[in-house]
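Colleague: Produce the complete structure using the sequences and hints provided.
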Amino acid sequence: MIALTLLTTGTAWAEDFPKDSLKIVDIEEVVVIATPKENRKLRELPVAATVLSQDNMRANQVNSVKNLTGIVPNLFIPDYGSKLTTSIYIRGIGSRINTPSVGLYVDNIPYIDKSAFDFNYADIERIDILRGPQGTLYGRNTMGGLIKVHTKSPFTYQGTDIRMGAATYNNYNVSLTHYHRTSDRFAFSTGGFYEHTGGFFENSARNNEKVDKSNAGGGRFRGIYLPSSNLKIDMALSYEYSDQGGYPYYYTGITPSAIAKAKENGKEMTEDRADYIGKISYNDRSSYRRGLLNSGVNIEYQANNFILSAVTGYQNLNDRMFLDQDFTERDIFNIEQKQRANTISEEIVLKAKPGKRWQWATGAFGFYQWLHTTGPVLFKEEGVKSVIENNANAAFEEVSAKPGAPTMGMTVHNPSLSVGGTFDTPTLSGALYHQSTFNNLFIEGLSVTAGLRLDYEKISMKYNSLSTPIDFGFDFHMAMGPTQINLSDQNMKAPASFVGKLSTDYVQLLPKFAIQYEWKNQNNVYATVTRGYRSGGYNIQMFSDLSQTELKNSMMNAIKESPTIGQDPTWGTTIIKMMDQMVPTKEIDVKASTTYKPEYSWNYEAGSHLTLWEGRLWADVAAFYMDTRDQQLSQFAESGLGRITINAGKSRSYGAEAALRASVTKELSLNVSYGYTYATFTDYVITEEQKDGTFKVTADYNGKYVPFVPKHTLNIGGEYAITCSPRSIFD
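Going by full-length UniProt numbering, the letters in the sequence shown line up with residues 1 to 731, in that order.
Think of the hints as simulated: they come from the structure by calculation, not from any bench. Here the structure is a predicted model, which means the values were calculated and not measured. Among the hints, erroneous ones may be present.
[As the list claims (entries may be wrong)] No farther apart than 25 Å at their CA atoms in a straight line, the calculated lysine-lysine pairs in the BS3-like style are these: (1) K552 - K385; (2) K402 - K552; (3) K493 - K385; (4) K520 - K711; (5) K402 - K586; (6) K210 - K66; (7) K385 - K267; (8) K696 - K261; (9) K152 - K213; (10) K458 - K591; (11) K356 - K232; (12) K351 - K232; (13) K338 - K261; (14) K560 - K402; (15) K37 - K338; (16) K493 - K597; (17) K210 - K267; (18) K597 - K650; (19) K520 - K356; (20) K552 - K37; (21) K711 - K650; (22) K338 - K66; (23) K552 - K597; (24) K704 - K650; (25) K41 - K520.
[Said to hold, decoys possible] Pairwise CB distance ranges (calculated): (26) F186 - Y517: 41 to 51 Å; (27) A619 - N464: 52 to 62 Å; (28) E271 - E382: 14 to 24 Å; (29) K353 - F186: 35 to 45 Å; (30) V525 - T682: 28 to 38 Å; (31) N318 - N464: 41 to 51 Å; (32) K261 - D161: 38 to 48 Å; (33) M269 - Y720: 55 to 65 Å; (34) M269 - A619: 36 to 46 Å; (35) E688 - L441: 52 to 62 Å; (36) E271 - S497: 32 to 42 Å; (37) S295 - M269: 48 to 58 Å; (38) V525 - T255: 23 to 33 Å; (39) D700 - K353: 33 to 43 Å.
Glycine is no exception: its CB is placed at the ideal position from the N, C-alpha and C atoms.
Modeller: Below, the structure written as structure tokens:
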């Protein structure tokens, strides 16, 4: 992954330069952010971090979190075409769906669900990206790292920002934000934005309309009130609505593995859609719509010897995804998934004041999330025939091919079939944590940090998966000696439903140990050992597969109960025994089929932050080694109806990072960053149980690369500034 920031030209007034203008500008000094947990700048802490200013974001066209790919070492955020999924990978850790591995905070308020991660950055002033597990202070789902987003403070900046942009393919955007300080005690900012994307990809099945066009708009309000010199109340409210088209997936043809598998079964598979190879061609319009509301209050009280912070957050997310899931011009099946999430969080932190030899932070954190999801899969007439009826008859044909076996056939009468349901998956989490740093321990500049977090999480699922009853007919033909058995019932119904509850909870200890040596001019070396943890959960998309299995079981039971087949007075008992042997029903374990376990890791890291040549060169380097257990991976469900998360045994990730910034002259500065990650599975073998009870290895991924993890990331950039006199015509 390579990114290149071309040399950009900036304009600055003469008095804007510091006295020693050859020094690199320290973003953390220019943009001072009050955080409830840390007391020092990130470059002074034992952590690998990247800090981006608003100027950095503009130069690199960072308009949302997905634009950070390639700019930050060992960070990869693929864009799958919608805001529904923001999959963040850092140092070999990440996943496409379900539980995130990287945390996100906006103005110190956590965003729990990664469906909320992708939002507009119109008024963002600074972004901090911390790499490596941050679980001791930030808890669950930060085992890959943490992204902290900060909006511009109306106390430090006043004025009105208006930005407009346009690009080819009918893309344009506009934003306006006003920052106003009414007095020494109160300041506020308010603004809004709108953006339109005309789209790049055409859908040949819908008159070449643009697949990926989108519209989004929203606004934000922030108010800061200072009742006294030692008390601050920081309030924020934002809303964003987006309507995106999707998804630009095209047909690549029958895969060689599918052809090989067909040959193994004695069948021949030929390409019947050659004209559609390389084309986006599906008949149902797909889209993703999301409304996102965020609000929060930060209260900070500064006593003589400590700082007390209380952060309250609330988030409401309502979305709808419609997907032509067969991605063809045919009417096979589609899915409409809706989510409604409400999340409330509270964190109370007590920490020492800066400058003390003993730096400490103690806190309590908790959140509760209500998540209601509906996700029915609709099989249309062709889908009912090709997926439901043909699959059932294919199984009957395998039975009929055996000597002396009966001939069986099924006909489904439904013009369409809905498989799905509703799911409530609330999450309750609570934590207590403490971290202490002892500075100047034994010798000047040596510090030791130790921390521990006790994290509790309870996840539940209440499911009500109802499917349309199947109206079907069944024919049974068999010769027993001279007697010909011909039985039929064309008026049977097979209902299928799952109704129940599941719950589980986890208790985790997340320690951290660090040692750091610091010497003059902000130079330090450090080593850390940390433990990371990512929550487990439930695969609600797996219910489409379970519903199909239950439908099959229900159909077999309907055949057995049919008065003209299974209850036939002459042959019924014989037929039931034969059906039980040849087409047995399957037991369904909902918990085992839908639950995935938490993921754990130990991270070992050594690094250094160096400020050289009187501040003209900054160097940040780090090397890491990470052991991961029960790694969560995304794969298609067996039926192909959606993705699920599985646990993949163990993996190992190691690598290095380096970032250099140099002030060459007063006008010219250069920067380069590089990341290397080597992430492979060390224990990931898939087995399949055989009829004799033994297990056969069907896939061995040991030594294979962890997916979606670039081995290399590289970013090169520079800036040239033109100094103008304040008395020039540009003033």
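Colleague: Looking back at the numbered hints, which does the structure fail to meet, lowest number first?
Modeller: The structure conflicts with hints 4, 9, 13, 15, 16, 17, 20, 23, 29, 31, 32, 34, 38, 39, although it agrees with all the remaining ones.
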